[in-house]
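For the record, the sequence lines run as chains A and B. Quick note on my numbering: the first sequence kicks off at 1 and runs consecutively. Quick note on my numbering: the second sequence kicks off at 114 and runs consecutively.
The set of hints was computed from the structure by calculation and includes no laboratory data. Hints may be right or wrong, so weigh each one.
Cut-off 20 Å, straight-line C-alpha distance, at most; resulting in silico cross-link-like pairs (SDA-like, lysine to any residue) [as the list claims (entries may be wrong)]:
#1 A/Lys-57 x B/Phe-212
#2 A/Lys-11 x A/Lys-57
#3 B/Lys-182 x B/Pro-120
#4 A/Lys-57 x B/His-162
#5 A/Lys-71 x A/Gly-42
#6 A/Lys-11 x B/His-153
Chain A residues, not near chain B, derived (Cβ > 10 Å throughout) [what the hints assert, rightly or not]:
#7 Gln-17
#8 Asn-18
#9 Val-19
#10 Asn-51
#11 Ser-58
By construction, the Cβ of each residue, glycine as well, lies at the ideal position given by its N, Cα and C atoms.
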Amino acid sequence: DTGVSQDPRHKITKRGQNVTFRCDPISEHNRLYWYRQTLGQGPEFLTYFQNEAQLEKSRLLSDRFSAERPKGSFSTLEIQRTEQGDSAMYLCASSLQDNYGYTFGSGTRLTVV
Amino acid sequence: DAKTTQPTSMDCAEGRAANLPCNHSTISGNEYVYWYRQIHSQGPQYIIHGLKNNETNEMASLIITEDRKSSTLILPHATLRDTAVYYCIVRRTGANNLFFGTGTRLTVIP
């Protein structure tokens, strides 16, 4: 399978705990994106990497959120001190060049209880 | 990036063409029109994009009006597996933030 992989698919955590999600993009794609989607809404942009550089962050990405892409390959998204409002689907996407379509993963569904 | 307006929902009979409209009246000259769809519990799937010419691929056709203020995504022979939310997105070259909106929920009816 050469698509975008995300792990885990589902995560249930208690409020206040830290969680980390992983995304493995398509290997030759140098651009990587994180989005968040809540029930009934379209995905919302969180952040963008080109290779290992994080070039853009949304205002949605509060200081409790941090994303990394240390070697320009896989990426992690960490949420510290989770809140119930963080419950959502977290989607990762990758692309090869500008003006190409993005390939999305199946997402990680986070439930904060 | 320009915003888009889409109907909230549409139905289409299986085997018929599904025509999904999108208005983007404030589109700029360097903005592309993209279409994605999202089947329940999956990530969005890229369908097609275009600037001003009509485009066709194995999934769909994209018809953009001459003034570029609106477009139509055409699924020529809809199947039950095409039931999904379809998002029309306007994106300028170099923009990294795709604004999805709430899309059109297409239901293909047997």
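A quick look at each hint next to the structure:
no.	hint	in the structure
1	A/Lys-57 x B/Phe-212	14 Å, holds
2	A/Lys-11 x A/Lys-57	24 Å, violated
3	B/Lys-182 x B/Pro-120	16 Å, holds
4	A/Lys-57 x B/His-162	25 Å, violated
5	A/Lys-71 x A/Gly-42	30 Å, violated
6	A/Lys-11 x B/His-153	18 Å, holds
7	Gln-17	24 Å, holds
8	Asn-18	24 Å, holds
9	Val-19	19 Å, holds
10	Asn-51	14 Å, holds
11	Ser-58	7 Å, violated
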